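Peer 1: Heads up: the protein sequence lines correspond to chains A and B, in order. Following the numbering used here, the numbering of the first sequence begins with 1 at its first residue and continues without gaps. Following the numbering used here, the numbering of the second sequence begins with 1 at its first residue and continues without gaps.
Read the hints as simulated data drawn from the structure, not as lab findings. Remember, predicted model here, so these are calculated numbers, not experimental data. Glycine residues also receive a C-beta, built at the ideal position from the N, C-alpha and C atoms. Be aware that a few hints might be false.
Pairs of lysine-lysine, DSBU-like flavour, derived with a Cα cap of 30 Å [unchecked claim]:
# : chain 1 : residue 1 : chain 2 : residue 2
1 : A       : Lys80     : B       : Lys28
2 : A       : Lys5      : A       : Lys69
3 : A       : Lys184    : A       : Lys228
4 : A       : Lys5      : A       : Lys30
5 : A       : Lys69     : A       : Lys30
6 : A       : Lys5      : A       : Lys217
7 : A       : Lys80     : A       : Lys184
8 : B       : Lys191    : A       : Lys57
9 : A       : Lys69     : B       : Lys28
Just the calculated beta-carbon pair ranges, DEER-fashion [unchecked claim]:
#  : chain 1 : residue 1 : chain 2 : residue 2 : range
10 : B       : Gln72     : A       : Asp94     : 32 to 38 Å
11 : A       : Arg28     : B       : Glu35     : 43 to 49 Å
12 : A       : Asp190    : B       : Gly14     : 36 to 42 Å
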Amino acid sequence: MPLIKIRDLHFYRGDRAIFEGVNIDIHRGKITAIMGPSGTGKTTLLRLIGGQLRPDKGTIEVDGQDVHKLSHRDLYELRKRMGMLFQSGALLTDLTVFENVAFPIREHTQLPESMVRDLVLIKLQAVGLRGAHDLMPNELSGGMARRVALARAMTLDPMMIMYDEPFTGQDPISMGTLVNLIHKMNDAMDLTSVIVSHDVAETSEIADHIYLLSAGKVIEQGSPVQLKRSTSQWVQQFMQGLPDGPVPFHYPGNTLEQDLLERKDAV
Amino acid sequence: MIETIRSLGRWGLGSFERLGRGHLFLVKILMGIPELFLRFSLVIQQLYSVGVLSVFLIIIAGLFVGMVLGLQGYNTLVDFGAEESLGVMVSLSLVRELGPVVSALLFAGRAGSALTAEIGLMKSTEQLSGMEMMAVDPIRRIMAPRFIAGLISMPLLAAIFSAVGIYGGFLVGHGLLGVDDGAFWSQMQVKTDWYGDILNGVLKSVVFGVVITWIALFEGYDATPTSEGVGRATTRTVVHSAFAILGLDFILTALMFGG
Numbered sequence: 001m002p003l004i005k006i007r008d009l010h011f012y013r014g015d016r017a018i019f020e021g022v023n024i025d026i027h028r029g030k031i032t033a034i035m036g037p038s039g040t041g042k043t044t045l046l047r048l049i050g051g052q053l054r055p056d057k058g059t060i061e062v063d064g065q066d067v068h069k070l071s072h073r074d075l076y077e078l079r080k081r082m083g084m085l086f087q088s089g090a091l092l093t094d095l096t097v098f099e100n101v102a103f104p105i106r107e108h109t110q111l112p113e114s115m116v117r118d119l120v121l122i123k124l125q126a127v128g129l130r131g132a133h134d135l136m137p138n139e140l141s142g143g144m145a146r147r148v149a150l151a152r153a154m155t156l157d158p159m160m161i162m163y164d165e166p167f168t169g170q171d172p173i174s175m176g177t178l179v180n181l182i183h184k185m186n187d188a189m190d191l192t193s194v195i196v197s198h199d200v201a202e203t204s205e206i207a208d209h210i211y212l213l214s215a216g217k218v219i220e221q222g223s224p225v226q227l228k229r230s231t232s233q234w235v236q237q238f239m240q241g242l243p244d245g246p247v248p249f250h251y252p253g254n255t256l257e258q259d260l261l262e263r264k265d266a267v
Numbered sequence: 001m002i003e004t005i006r007s008l009g010r011w012g013l014g015s016f017e018r019l020g021r022g023h024l025f026l027v028k029i030l031m032g033i034p035e036l037f038l039r040f041s042l043v044i045q046q047l048y049s050v051g052v053l054s055v056f057l058i059i060i061a062g063l064f065v066g067m068v069l070g071l072q073g074y075n076t077l078v079d080f081g082a083e084e085s086l087g088v089m090v091s092l093s094l095v096r097e098l099g100p101v102v103s104a105l106l107f108a109g110r111a112g113s114a115l116t117a118e119i120g121l122m123k124s125t126e127q128l129s130g131m132e133m134m135a136v137d138p139i140r141r142i143m144a145p146r147f148i149a150g151l152i153s154m155p156l157l158a159a160i161f162s163a164v165g166i167y168g169g170f171l172v173g174h175g176l177l178g179v180d181d182g183a184f185w186s187q188m189q190v191k192t193d194w195y196g197d198i199l200n201g202v203l204k205s206v207v208f209g210v211v212i213t214w215i216a217l218f219e220g221y222d223a224t225p226t227s228e229g230v231g232r233a234t235t236r237t238v239v240h241s242a243f244a245i246l247g248l249d250f251i252l253t254a255l256m257f258g259g
């Protein structure tokens with residue numbers, strides 16, 4: 001049985017459909033990637049899984065529980081077992097790195113200070129930032145901030161972690177470090193990982209299964225190898241990063257001639 | 001014409017919806033308050049940033065307002081040979097009206113705007129979402145302690161404002177204009193009523209504290225998560241707080257002293 005089961009998901013922002021009948025299974029212990037062009041609602045999907053948004057139709061089950069039928073208390077209990085890494089890191093800017101990682105422990109447990117310290121240092125050691133525990137978030141690079149956020153997401157030993165665009169805007173070294181960390185953590189902690197990304201090469205390197213989303217639907221799914229061999233032109237355009245194809249280079253609108261010949265006041 | 005009516009309707013519906021969201025937000029904050037008795041350190045941290053950091057501004061403003069009251073009051077009273085009542089005039093003006101109202105306006109500008117900017121930035125940098133996903137309710141963890149801190153700080157700041165103001169009035173009245181100090185203090189003590197004047201003033205400042213902090217927190221929480229959105233929310237906090245203070249002051253004054 002999958003850890004996350006999404007069925008017939010519909011979600012609208014105003015009149016605009018973000019998802020129209022999406023079905024996704026995320027299996028335990030695996031790294032599943034949700035990929036697609038910018039603006040396809042990948043981050044929205046993570047917020048729906050985390051219960052921060054409500055679908056207009058359809059269900060999302062996490063570990064057998066329908067996320068959107070849970071009471072406030074039960075949803076918060078479930079979230080203790082879900083980690084999430086935000087694109088910005090979402091570190092608390094008035095707390096040091098140490099206090100950021102200690103935050104979930106202090107909020108949810110009554111552990112003595114010595115144990116909190118040990119736990120935090122172990123988590124920071126795992127992401128290679130034990131030496132940076134006294135720094136403030138504004139003293140960290142983007143890659144370091146994400147590693148601290150990863151350490152924080154792991155503090156309560158969750159069953160799963162959701163990564164929102166973990167590789168965006170990273171230099172090659174930080175990117176390699178993050179790819180390696182996500183892979184290692186998943187195996188070492190027996191986690192289930194969901195990565196939302198449009199970085200094809202890095203994500204394909206570690207994902208066990210990929211879902212490709214576009215225009216509110218799952219266009220294709222399979223292992224990275226299967227997707228690379230797909231005969232779909234859309235999939236090939238996305239996986240190879242081709243500038244034109246089924247996803248047009250030009251945003252839909254009038255032809256260039258129409259716009260140039262039109263009177264200015266009619267624009 | 002039809003479009004004007006439509007946009008008016010949209011504005012009306014939007015305003016009512018926002019008002020509803022604001023009230024639900026307040027209810028959630030109030031429900032989070034009992035937990036704070038177990039974690040009062042969170043409130044103490046906020047008492048410092050909301051209250052203590054506003055003290056200097058309040059002292060300076062109170063001193064000058066009191067000195068101006070002393071000058072203006074003397075000029076009026078001396079025509080009637082009643083300059084020895086300057087103490088009463090200064091103390092009643094401050095304790096009943098100017099203390100709560102001016103300190104609330106300053107509090108909205110200093111602490112209210114800072115609260116909105118802080119919460120708005122926390123929202124735009126996903127810190128509030130991050131807390132929710134760590135199973136920590138930001139309304140209970142972030143909003144409730146700030147709300148209580150505002151509620152406690154406002155009457156204390158108003159009291160400091162009035163006390164410093166009275167002393168400012170005394171400095172001008174006695175030191176500069178030669179009003180007898182015994183008459184100044186004794187008339188003030190006799191004519192200023194503990195329940196009718198001082199407690200009513202305190203009640204006003206408690207109401208202002210609740211309203212300003214509520215507006216400031218809600219504007220930050222409801223801000224569009226962009227730099228422009230946070231800027232607008234901060235402006236709205238100061239403007240809406242000012243309207244609320246002045247309007248409520250009239251209503252409270254009518255209820256307390258109108259009859």
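Peer 1: For every hint, state whether the structure bears it out.
Peer 2: Against the structure, the hints:
1. About 21 Å separates the Cα atoms of A:Lys80 and B:Lys28, which keeps this hinted pair within 30 Å; it holds.
2. Among the hinted pairs, A:Lys5 with A:Lys69 is consistent with the structure: their alpha-carbon atoms are about 14 Å apart, no more than 30 Å.
3. A hinted pair counts as satisfied when its Cα atoms are at most 30 Å apart, and A:Lys184 with A:Lys228 qualifies at roughly 24 Å.
4. Distance check on the hinted pair: A:Lys5 and A:Lys30 sit about 14 Å apart at the alpha-carbon level, within 30 Å; holds.
5. Note on A:Lys69 and A:Lys30: the hinted pairing holds, with a Cα-Cα distance of about 26 Å set against a maximum of 30 Å.
6. The hinted pair formed by A:Lys5 and A:Lys217 meets the criterion: a straight-line CA distance of about 16 Å does not exceed 30 Å.
7. A C-alpha spacing of about 21 Å is found between A:Lys80 and A:Lys184, which places the hinted pair at or below 30 Å, so the restraint holds.
8. Note on B:Lys191 and A:Lys57: the hinted pairing is violated, with a Cα-Cα distance of about 68 Å set against a maximum of 30 Å.
9. For the hint linking A:Lys69 to B:Lys28, the alpha-carbon distance of about 20 Å falls within 30 Å, and the restraint holds.
10. In this structure the hint that B:Gln72 and A:Asp94 lie 32 to 38 Å apart at CB is violated, the actual value being about 44 Å.
11. With their beta carbons about 35 Å apart, A:Arg28 and B:Glu35 fall outside the hinted range of 43 to 49 Å.
12. Taking 36 to 42 Å as the suggested C-beta distance range, the pair A:Asp190 and B:Gly14 does not conform, at roughly 48 Å.
The structure does not agree with the numbered hints 8, 10, 11 and 12 stated previously, though it agrees with the rest.
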